Every structure is written in structure tokens, then in C-alpha cells.
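2 protein chains.
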Amino acid sequence: MGEKVHVTFEPVQRAVECEKGEILIDVARRVGIHINASCGGSGVCGKCRIQIEHGRVAGEKSEKISSSDFDKGVRLACSSTVTENVTVRIPLSSSMQKGGLSDGVIGRHRALEHHFDIEELRREGIFFPPVEKVALELPPTSLTDNMADAGRIVQGLKNQYDEHGLIISLAVLRKIRKALREKDFNVTVTLARPVHPSGKTHVVNIQSGNWVNRIFGIAVDIGTTTVWGQLIDLHTGRILANAGDYNGQISYGEDVISRIIYAEKPKGAELMQELVVTTINKIIARLLVEADIDRDEIDSITIAANTTMTHLFLSLEPHNIRRAPYVPVSTFFPPIRATDLGLQLSSHAIALLYPAISSYVGGDIVAGVMGSGMYRTNKLTLYIDIGTNAEIVIGSREWLVCAACSAGPAFEGGGITFGMRAADGAITDFGIDPGTFEPMNITIGRKPPVGICGSGLLIIVAALFEKGIIDQRGRFRRDVATPRIREGKSGFEYVLVWQDEAGIDSDIAINEVDISNFIRAKAAIYAGVKTLIEEVGLSVSDLEQIILAGAFGSYIDLDSAMTVGLLPEFDPGRVLYVGNGSLMGARMSELSNHIRQDVVEVVQRMTSFELSEVANFKEQYVASLFLPHTDISLFPKIGMRLNNGESVDKS
Amino acid sequence: MGEKVHVTFEPVQRAVECEKGEILIDVARRVGIHINASCGGSGVCGKCRIQIEHGRVAGEKSEKISSSDFDKGVRLACSSTVTENVTVRIPLSSSMQKGGLSDGVIGRHRALEHHFDIEELRREGIFFPPVEKVALELPPTSLTDNMADAGRIVQGLKNQYDEHGLIISLAVLRKIRKALREKDFNVTVTLARPVHPSGKTHVVNIQSGNWVNRIFGIAVDIGTTTVWGQLIDLHTGRILANAGDYNGQISYGEDVISRIIYAEKPKGAELMQELVVTTINKIIARLLVEADIDRDEIDSITIAANTTMTHLFLSLEPHNIRRAPYVPVSTFFPPIRATDLGLQLSSHAIALLYPAISSYVGGDIVAGVMGSGMYRTNKLTLYIDIGTNAEIVIGSREWLVCAACSAGPAFEGGGITFGMRAADGAITDFGIDPGTFEPMNITIGRKPPVGICGSGLLIIVAALFEKGIIDQRGRFRRDVATPRIREGKSGFEYVLVWQDEAGIDSDIAINEVDISNFIRAKAAIYAGVKTLIEEVGLSVSDLEQIILAGAFGSYIDLDSAMTVGLLPEFDPGRVLYVGNGSLMGARMSELSNHIRQDVVEVVQRMTSFELSEVANFKEQYVASLFLPHTDISLFPKIGMRLNNGESVDKS
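So the sequence lines, in the order shown, correspond to chains D and R.
Under the numbering used here, the final residue of the first sequence carries the number 651; numbering is consecutive throughout.
Under the numbering used here, the final residue of the second sequence carries the number 1302; numbering is consecutive throughout.
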């Protein structure tokens, strides 16, 4: 954490703590103070002029500011870095607050980033990697003690470590004679623990001398778009390297359905398998270089992926995943020698794949549930991973239910006129001046705006709704006096960025069709959550914790998500963000064999619902096609603000 | 069994039951009636003339018999086939019995051939092959039942066969989708049972339709000289094909030591492995052709071999097997995918290797102990496999002890002037006329004699001793009036075959050095047995059963073996011969998973003795360097005959 300083905003008399090095406009945005900004914070529109009253900020002079203004302390908020305590006045033209800020928009809440790690496992007493190295000092052979070399190892493990019922692999038997005699019967053996507690421990490697501190594992998440890997020190639990790359399959289709279609072609499945293995091998190679570890030192690899990715990786026929009644080949996968799958690892490394629940609730979700400890918690938890499909798991240590809902691609920028993936120039944060209706656009990378990404879309819709610019159905008020609201090709729209400030050759706007697509997406998710929880006889108000996973989850503005009815109204302090839940779960499996052991039982008791087969779901979905919901009693805070005549539109 | 007829021998008035088709000289030999025969029964010496008195025998006229003699019923015993009841007179020149036959040589006793087989297992309730096929009729998929294909199989196995905790291999997962849908969800799955009862059953294959009756296994014995294989129908337990071939390693040394020395050379180990794998693959190919079975239909293979052969087959370093303190790499071997060893079988076939006890008591012996059921018997049993090394196991279900003794190569024809392996022309049976000292030589294949094989050597020494021609030290009586006893290059010798009746260009004789080598060999074995049994506080008279294994065991004349003191005096009715005990054990493992499961525990409680390290052994060995033994009280019957002034020499 950096050093803390304070920024005092005038005339609203708000003192905000921030870190040295933060950009002024981000500090304002974070606490919901509006400053006009059209260019995404790239410094070209010059609209975010502010006046420094006390103290100083860092940053070069913009050409939008005259030298005399600069000397008087005028700056652009998007180009000023906080370095000390400072007082900043927002000019009236930039802040048309009438009677101060609405309560509803004070502050921004992101989910608390939660890094499940070795400390968590240590506290729970389950830090227990699936592979372990132990050192043995064995007596030399003699005529009165001429037990076989392998027997000597077994005896040593029994005497020194109370290990029983061991199986020594052929590869180890082939090395054992030399290894024992190279350093006077001092060796290190690698033990691979069984997935089932009833199983046997395997001796999978032997080295002469003492190497107990060097034991490593790899965790991999095979995403449809991106494959991620982590190299983990299994002795300390630390992550030594991270690497990610596009899934090599991506040129054969962006989503799982198109991959399946390709795999059904002659030689298609082989190609799909090869491509993803090549990607993983590239990642492994990068991890090894980054961490400076030998390939042979990797003793274990855990892989999590959605059901289709898992099928393609293992060369299982994915055909029926895309056809009713959506039957995968398998949801459980046996331990497999990594080299048998084409992975470039030592011959003794075993690959474990996370089991899946169904065709559309895959091992990536199971990994999140296992790795986050959700399956061990007493709190009634909603785990949600939002992408094209949103996967939902609800439950606790007692029971777990799950479902996949087709949210459509809105959250990934699909079906939105100016939608795009989260990349440079994507509007990711937004505010609106309720007096002038001027926007405050913040883009990724502070580049001139080129489109709207999922997190931006959520905030834009929430802000338009908050300020009464769109109604509960997502329709624009026709009576707002601003050229930014106009009738376009797809009905009414709000112009976020005029062409001259945009990074593309047109205005950037959001229209009613876009908003309608967004509402359908959020409705599918909310209806999924509500249907699922009601199927087990509870209601959304019973939830005690929400865990967000997936790339989208890290950017999600919780207040906006609740304002639009994407998530139930909830204390933001009880929302955790776990990032890539799939990778996290794979890593946690590398750190705790308990998780590997528990997963079989967890998956078996996890009840999966096909939402399309649940009578109630359609009704719930239709009821959710409002902002935030037709049943406003589900969103009491928003309901109160609607009733109190705040800026939320009452139509 | 053929039809029974009787042969009555005159003048001894002995009626003998035999089968139609038996050769007359064999019938006589079997009951100890002497008929001179020099040419091994090949029909060239003409010495075995007999007179048919009643009835007829089949066989062409020999040129050694004149037409008039032939018409009078004169025949050669070695060229006459019994076809009906017949009375045969042995002329005085051929039979110089004085006062009838000695009691000591009435009849010949071979060990009872015992074929351990499926009926035995059925009686004991342990016919339970390690792989099994079961048919499943599964419900088709639907939206209300869209369980994964693999889950459907697991569910079916649970519901229809009460199978639990199954693991489905990757290879099966890859086939499962098509297999299920090809015949309306009717499939056959192959279940591989765990070696340990606590382990899991694996589903290793899936086929559409019903194939439960087609399930096969292979048993292999890797002998140092010869490799044997059997193809077994695991549904019926029947042996469908047999095949054997020289171990391809043989051109790199005849014994295990020379193979180890070769394996220590650069690339030597790889070559040894390749050669034996090639041999096994040839045998597998022949078995498949003979039984008309597809390679993919073989679901299991069990291999037994001595410790060196096992090491070479698995590419384990055999170096220390031949160096004190004789430490093998391992005595236990994990289950290994057959294809990983280079065996040409289906990818799902698992190879199981019999565990060994030590460097010189190998998996071949363990296989015999397991397969013969010795480890389950209440009878105190001596199991003995005689070759260059004799491996001895003593015990019962309660305890087992074992040792290897270096008998030297005498029983395989080594170190004997005219010694040879059991092949055509080898003298394998022998008698001596106590009056004329003329021999009765019977050869393998009834070819003119070319040498003496192990079983012949035993009978020759026993007969020379019985008739008082050699003394207890194996020295020839100097006063016997026959040109057949003479002083040769290596001391006194007895001429078995004169050159003109031999298949080689010299006389064939046995000399005192040969006899001395034989005595050392038999002494090592007897001393091993006696030492071992006394180490556990018992004596040889406590033995209740003897099991003979190995090629030599099938030819061994029990009376001769007891006369010379190779085996303890024992009721021949309690001596079983199991043939190739190693192959038999491998087959029994294919028929009963109980044996596979029990072997781990049996091997662990089997106490191995290094005889060279047991103080008592040397003493026992020296005491055994007599015929039958210095302590004649150990051989009361022989002792009685010695005392009764029978033909056994008393010097």
C-alpha cells in the first residue's frame, strides 16, 4: 500500500483519503463526485478542468489550459496526480449538483478482492499438497540386510515417516539402484497422495541427496478464450509465476458451440486437442522460465475448465453437449499421466482434471466452489461467474444447487451497438451530471473512447436509470433538454462521446435496443438466482455471502449491479471477488489434497437444475425484465429512493 | 485314457495292466522288469528279444530277427506295441534274475501329475478372474435424465450389479458415446478388479452389444532358457492355446549371470529387454492365431519369472543380483500397462508381474507356491523346483520359508562327461541286469543314444548303487567281472553304450567324476531342505506333501531320488508334479483374483534364508555327500535293505 494523503473537494466540502499517485479524476469517481469528462480521461477534451486551491498536484500542462490559467492552479482532473494533501474546487460548469449529492450515489463499491491462499489453508489445517518430498537416510546393504532396494525405501518410509501401503512406480524402480548408491543411501522421494483417502500413496520419483524444499506444481485454467497457468511452490505455497495466452482454438470459433461444431468435422477433434495442448505447453514453458524451475521438478498439475474445454482437451466426443438433452461424455475424469495428454512435463507428473456437474456447469465452476471454500462454509453463499453464460451455485457446506443461465453476450460487449471487450479505449466507468446531462467517461488505458465494455455498460445503464433519464423499462425520457439524447436508427439514444472526442469516426451512443439487450441479460441472471434459491425453499434475502468470479466480476460496480437488479440488494461488505475462480480452484487443489478428496463427494451432492425445465423460471425471467424488477419489494433501498422522490425515475 | 489290456511276463509270472498302444519295453520298465537294451529302444541293437507266448503284438519285423524266429513269435520288446492281452517270455539271456525281483525295484513311481485348474478354484469358491465382462441395458437419455454417458454406465453397474466406487479409464471415456448409441444403450463393459481388495474396480473397456462370453487372458513364464505362454478363456477357465519359444536372450548367455553381465554393457540392458519382449510378442501372436482370438480381446496378462528375468524384462538394473550381498532392485512390481512394456496387446491390458522373494527365489517360485495352493494348504509341504538352482519352499498356510541352493548344472546335463539336455537320444531311463551287468537304456524319442540327461543320470546312479556297483561314496567296485566297468581318463567308469550302438562316435560311459558331481548336486538340495526345515524346528519326517516343479520334476523317478538321497524317503502317493510351476501360477492368477490379492501378504510373510549364511548348512551338505546320506537313519527303508543284505552295497 502507498502512502495516504487527502483530497478535499470544494464546493461539496468532501475530504477523501487516497493514495499518493492516484489520478484526481479517479479519486472523484471513486466517491461519486461528478466531473465532466468526454474523452475517457485521455486529456484531449479538456472538460475536466478543476482549480487547485491548496497544495500541489503533479502532471504536465495540457494544451487545453492557458499558461495564465495554469499558473492560477487550473488543471485537468484526468491529468493530475495526487502527491500531497490538496484542496480542489470543481467549477460550476463541471458540477451542477443541486442540494448536494444524492445518498444513492455516495461512493462506489467493488467486491472485496479475496485471495484464497496457503494462509487460509493453514488456518483450516488443510495445507497438504497432493505431492510431497521426504528425505531418507537409509542403512547400507549387507549380507545380513540384503533387502531389495525398493523394500529398503519402503522400510525407511515406514520407520521414519510412518508411511504404509506404498506403491513404487516403474519409473522410480528404474532409477532406484543408482539413486541409492550415489550419495551413500541418502535420497529424497516424492510421494503422490491418493485422490481417495482409501487409496494408496505412490512413490513417483527418487533423487539422490536432499531435495525436500524443491517441489512444484502447476495450476491451469483452460478458458474458452484464454488459458491461464500458475507455477506454485508446493513447499511454501507461493505462486512463483503466472502466464496466460489465447486458447489456440480461438481461430476456430469464439464460443464453445462453434468449437464443438468444428470438433465434429473429420480430424477436427484431433486439431482442437492439439491446439489447446500446444497453448498449455507454451504456458508451461513460460512458467518454467519465469520461475527458473526445471521441467522435471514439476510433480503435479491440476487443470480446471468448462465441460466443453475439458472434453476437447481429453479428446472426448463433445457432440451431445450442444444437442438436447445436453449429455456430456463424462463429468468425472480419471487421473492421467500428463505426458499421455501431450503435456511437456516429466513422465511421473499426473494431471488431475476438475470434475464437472453438467454440460454447462463445468469444472471451472466446481473449481471455484472448491477453491473458495464455499463447500466448507456455514454461510448461505451465492457463487456467480458471469460471462456469455452465467453459472450460478447456491449453498453452503450443507447443500449445493447450481444452474447455468444463458445471459447472452451483453456483458462481453456482444449485441450492444458500440459494445466491445474490456480493452484500451473501452468506457469502463461513467457518471452523468444531472443538471447538464454531460457525461464523465473513463476508459481503460485512458485512451480516447472507442466503445463500451461490460462493466461500463452496467454503470451507464444504472446511471441513466438513477438520474431518471431512462425508465424502469429502459426507455429514454422524451423531455430531456440535451442534444445528447436523440432519436437514432435504433430508437432513442444517449450520446456518450461526440465524434471529435472519440477514438473512432463516429459518435459513441447507447440506444434503447442496447439497453433492452442488457436488461434481458441481467434478467436471466437474476431470475436464475431467484429460481434456484426458491427451488430449495429459501429466498434471496436469506443469502449471507456473494462470491463473484470471472473477469467481469472484478470490474463490476456493486451499487450499479443492485440498482439495475442484476444482483440482489446486499451489503457490499459481504461480496467477495475471487478473480479467475477456475484457476484459483486449480491452485488450491495443488495446495490441499483435501480439496481433491472432497470434490468427488461435493460434485455428487451438487444438484444441477436445467432452468429451461423449471416451470417457474420463465415467469421469474419476465418479472425481471424491469429496472430493477417488477416486484420492487425485492429491492427495498431502490424502492425507498423511488418513493422518496429522489432522482430515480418513477414512471 | 485308452483301453486297458494285460501283459503277463514269464518266467517271473508278473501280470501288468497297461494301455493299448504301449510299447512292450516301456511296460516292463515301468514295473521294474529288466530287459537288456543298449540302443535306447531304437531297435538297432536287437538285444531286447522276447518271445510272445499267447496273443499278438503289433510292429514290423526287425532285421535283427530271422523270418523263422519271427514266425515263432520272437520280437524286439522296443518295437512291439501291445494291442491285446498277451503273454511274453523274457529269455534267460535278457533276464538274469536270481530268485525273482528285489522288492526295492518293484515298480517305478513318478510324481502324480496334478493340474491345478478351474475346478479346483470352483471347489474352493475362488474362481474369480481379475477381469470380468458384464452386459448393461441402459435407459436412453432425455431432458429429465441427461446424466453424462459415463455416469449412466456407473449408475447401471450400481443398479444391475451392485458395483461401487468405479474408475472409468480415459480410453473408455473416448469410446463411450458411440458405444452407447450404436445398439440402443446396450453395452458390455470390462471390469478390472483391484489387486488389493481395498482398491477400486476400473472400467477398462466398453463394447456395444453383448460380449460377456468373450473374455481372455494370457499367462506367461519367462524362463531363462524358454518362454512359455498360455491363452486362457476367462469365462470358462479353459486353456485355449499353448506356445513356447527360446528366450531371445539365450544367444547372450545361457544362465542368469551371463545375462546380467551382458546387461551391464552399454545398451546391453535395452537389448536384453527388447529380446525378451520380442520373444513374448511372438508367443502372443502364435497364441492368438491358435485360439483364433483378436488381440483386442485380451484383457489381462500375468507374467512370472525369476528375479533376473523380471528385472531384464522391466529394464530394472540387475547389477547387484550377481554381487554380494545380492540385492535386487525390487521384489514387488506395480501393475503396468502392457503396451508400456512393448507388449503387443490392447491399450487397456494391464500386465501383472509376480513378486519375488529375493535375488534367487523369484516370481517363478512364488507363482508355483500361489498357483499350487500351497499357501492355502494345511499340509506341511515341500515345494521344490530343480534346475541349475534348486529353489526350495517349505511350509503351509501358517508359515513359509524358502531358499535357493546352487545345485550346479548336473541335473541339466552340465559337468557330466556325456551329459546333455533332455532331447532326442538322451538316455532318460535305465536298468541293469544284476547278473550280466548289461544295461537297459531307454532314450528320448527312441533314438540311438547320444548322452545322458538329468533324469537318466539320477536313475543310472540309483541303479548302480542299488545293484552294488558303486558304493556310498559313488566309487565303482573294482571286482565286477564285466568289460563295461573299466578305468577311463577320469577314473573308473561304466560303459552304458558301446560305440557301435551309439548315436555318436564313441562309447557312452559314466565315470566317478560324473557321479561325484551328481552327488554334490543332490547333496546341496537335500542339505538345503534339511537345513531349512530344521531352522523352523521341524524335521524332514514331518513333511506331509512334496510338490515338484520344473521340467526335471516330470521325469524324476521318485524311487531313484530317494535311493540316492536327493529327496527324503516319502510315500510316492503324496508327491505331486505341477510341471511348469511358474506358468501354472501365472495362469491361476488369471483365473482367481484372490491369488493376486493374497500374494502380497504371502510374500511378506515368506522368510528367505541365505543358506551360505546359515551355520548349519555346510555341515548338512558334507553329511549329504553320501548315498543316500551319512546318517542312514534318515533313510530307514534304504537302511533296512542295506542291513538285509539286499543288493545295495554295504561298503
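Hints in this document: simulated from the structure, not taken from any laboratory.
Because the structure is a prediction, the values reported are computed rather than measured.
Heads up, a few of these hints could be off.
[Said to hold, decoys possible] Stretches of chain D that chain R covers, calculated by requiring three or more beta carbons in the stretch to come under 8 angstroms of a beta carbon on chain R:
(1) 368–380
(2) 424–438
(3) 519–530
[To be verified] Distance ranges between label pairs, derived from CB positions:
(4) D:R397 <-> R:K933: 58 to 66 angstroms
(5) R:D1156 <-> D:D145: 53 to 61 angstroms
(6) D:T201 <-> R:D1193: 35 to 43 angstroms
(7) D:L143 <-> R:W1050: 34 to 42 angstroms
C-beta atoms are modelled at their ideal positions from N, C-alpha and C, and glycine is treated no differently.
Outcome for the supplied range 58 to 66 angstroms, where the beta carbon pair is R397 of chain D and K933 of chain R: Between R397 of chain D and K933 of chain R, where Cβ atoms are some 59 angstroms apart, the hint holds.
Outcome, coverage of the region 368–380 of chain D by chain R - at least 3 residues whose beta-carbon is closer than 8 angstroms to one in that chain: As far as the region 368–380 of chain D goes, the hint is violated, because 0 residues have Cβ atoms under 8 angstroms from chain R.
Outcome, coverage hint (the region 519–530 of chain D, chain R; C-beta under 8 angstroms; three residues): Since 0 is below three, the answer is violated.
Beta-carbon spacing of T201 of chain D to D1193 of chain R - inside the hinted bounds 35 to 43 angstroms or not: holds, 42 angstroms
Three-residue Cβ test at 8 angstroms for the coverage of the region 424–438 of chain D by chain R: Coverage by chain R is violated for the region 424–438 of chain D (0 residues, Cβ < 8 angstroms).
Supplied distance hint 34 to 42 angstroms, evaluated on CB atoms of L143 of chain D and W1050 of chain R: violated, 23 angstroms
CB-CB spacing for D145 of chain D and D1156 of chain R relative to the 53 to 61 angstroms hint: holds, 54 angstroms
Hint check: violations occur at hints 1, 2, 3 and 7; the rest are consistent with the structure.
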